[in-house]
Amino acid sequence: MLSKCFKVISLVLVLSMLFAVVGCGAKTASDQPAQKTESTEKAKPADKPAEKVKIKWAVWDYSLTADYKDIIEAFQKENPDITVEPLEMSNKGYDDKLTIMLAGGDETDVIAIKEMPAFSGYVAKKQLMQLDDFIAKDKVDMAPFNGITENIKIDGKLYDFPFRSDFWMLYYNKDIFDKAKVAYPSDDMTFEQFRETAKKLTSGTGKDKTYGTFIHNWKSCIINWPVADKKGTLIDGKYDFIKPAYDIFLPMQKDDKSYMSFAEAKTSSAHYRGQFESGKVGMVIMGSWFVSSLINDKKDGKHNVNWGVTKAPHFNGSKPGTTFGNVTGNAINAKAKNPEAAWKFVKFMGTEAGATIMAKRGSMPAYRTKNVVDAYKGLQGLPEGMDKALETASVALEFPPSKFSAALDKMLQEEHELIMIGKNDPDKGIASMNKRAQEIMAGN
Amino acid sequence: MEAVKSISHRSSKRNSLERRNTLRAYAFLLPNFIGFLIFTLIPVVCAMLLSFVEWDSANPMVFVGLKNYARILKDETFMISFWNTLYYTIGTVPLTMVCSLVIALVLNNKLKGIKFFRAAFFFPYIVSMVAVAVVWNMIFHPTMGPVNSFLMALGIENPPGWTASVEWAMPAIIFASVWRQMGYFMVMYLAGLQGIPRELYEAAVVDGANSWQKFKNITLPMLTPTSFFVSVMCVINGFKIFDMVAVMTEGGPGRATNVLVLHIYNQAFLQMKFGYAAAVSMVLLVLVLSITVIQFKGEQKWVNYM
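These protein sequence lines map, in sequence, to chains A and B. The first sequence begins at 528 in the working numbering and counts up by one. The second sequence begins at 139 in the working numbering and counts up by one.
What the hints contain is simulated information worked out from the structure, not anything from laboratory work. Accuracy of the hints is not assured; some may be wrong.
[Claimed, not checked] In silico contact screen, one side only, chain B against chain A (beta carbon under 8 Å); selected entries: (1) Ala196; (2) Val304; (3) Gly392.
Glycine residues also receive a C-beta, built at the ideal position from the N, C-alpha and C atoms.
Let's have the full structure, built from the sequences with the hints guiding it.
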């Protein structure tokens, strides 16, 4: 009897677990309750006779980015009839969460766009409003965007109104250069020179180890340099053009050992910010967002690095100032409750008013009039050399929008990892990238 | 006549009592069943239907018949994930069973503070998965982790790169998983061990059996129902593996630790192929179901119910 009972119980348990297996995979958007925006009626009707519109803004790391709060305050001062309510999400998994929210019919009005692959997906799913009509109606001057908006159009239409446009530069620790008696990097440095310099700066072992540079585990830190040269783009499906990057960075890892190996950086989750601020890394090539981190962290006493900045290195034969960049912008949800108010906010943040606030906080605004650039240059704590670093010859878009972006992005990261840990040599790895890209683009 | 009436009356009374009892039993089952229906059964049926369509969560669904299933056969990442899942399951099941049995045997003694040790071994199971994975990533750190420091102290010049190497990432995940779940199965083995009648051992001692003979001829056979249950649960857990991989390696390096559930997740939530992801999860369901059926079929051969 007992054994029978035991059998039945175990059978039931087993079955329920089995279903849980599939249940996991099957939990789609349908059981994710749409996060209802709080209805506007609720917002104290007795307060003011004028109707107050409330817009929700989905954004990552809201509380870590001081600019956002300043912008909302300034915007609300100018538009007393609109309140902006930020919906904070974490940096990691931001796009996964947004995907589910949007699929569930969420009505958040404004959505900050973090990365191109996910953005392309939202547009393909018709979840965002196209902004061209708004722009035409308000006669927004698009010239100060310097063509950035052209690069992120999908089928000739703009869905993402940029507010920040970062590009990559070289940051260096002056003390390490002085100690090693090496001249500071010039604004016209080739990758060969970069390699030599990194090698000279590397010294010590164990706790006293000083590395010439630090390469974050993102694939963009390496394979985007040929992209900056406009030899091809990451959505072409043919990746032979990225090999020169491996020819520089792989020997640096293997022979010179002038940066922490990919495997070690990845398993210890080493972060460029902590690494550079620890004062044990000579140079870091990173996006311009790093400027404000370095300034603010120094103000907060988190580091005491005597840092400088200059143009990122370039390949032999290209112009100094050849670099790549990332665009961050706002989009309006196709299901937005208050698209008009949302557009007001998007426009405010993206143009002169918002851009000046961001510049004062050390972020690189996409909208660059003379006033905005002056505000940026007037920043306290900005190192010398900034003027030159800011002059770019050309800024290539890291990942142009495409419906295959998400799949290609993941595939490239996987194959890049195998090359970096030495499992595949670059030729084999690139051949594999080409092959898998063909499969992805064939719709498999 | 009177007697017959009273009997029939009594029996109808008993019937109604029985019915009431049955209803009461169902009433107790109902809340659980409703939960099962809403959160498990209906989503499973939805997934089954989804597997015949193409859907990106926003644009209208397109019925494609068996195309999603045909695509699975051509999907290299699916095959890699399938073999990885199998590797993981074959790695974890025996190891978990042996480890949890050994610990249960040790902890089945009347020692001072035994409760503390039992709790200590169960502890990993209730710790947050993310914390476990982060700690194991540190333990397996290629240059500074204790595992490789130890191996290098032993004179091994090139210790494995663990989670940063294609060959060793999966063993690293297997070790971490075994450590995490063995406490849970240890509890089951402990319960099994305590259910073995003492007389059997006493009789064996009278017959002059030594410890090994007692273990082999009494403990192991008496534990077969527990072992069976543990093996079934372990196999299902193995096929379901997701969290450990997602936090420790995210399927990398490359696709070296990509497992089926991770593949389903990536297809659905990164690439917006909900139909295809549903088809893969159906394949997973059939796979696990058939293995479980085989296990139940084999049950009579080795499981010993008293």
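Okay, the hints, checked on the actual structure:
no., hint, result
1, Ala196, "3 Å, holds"
2, Val304, "5 Å, holds"
3, Gly392, "4 Å, holds"
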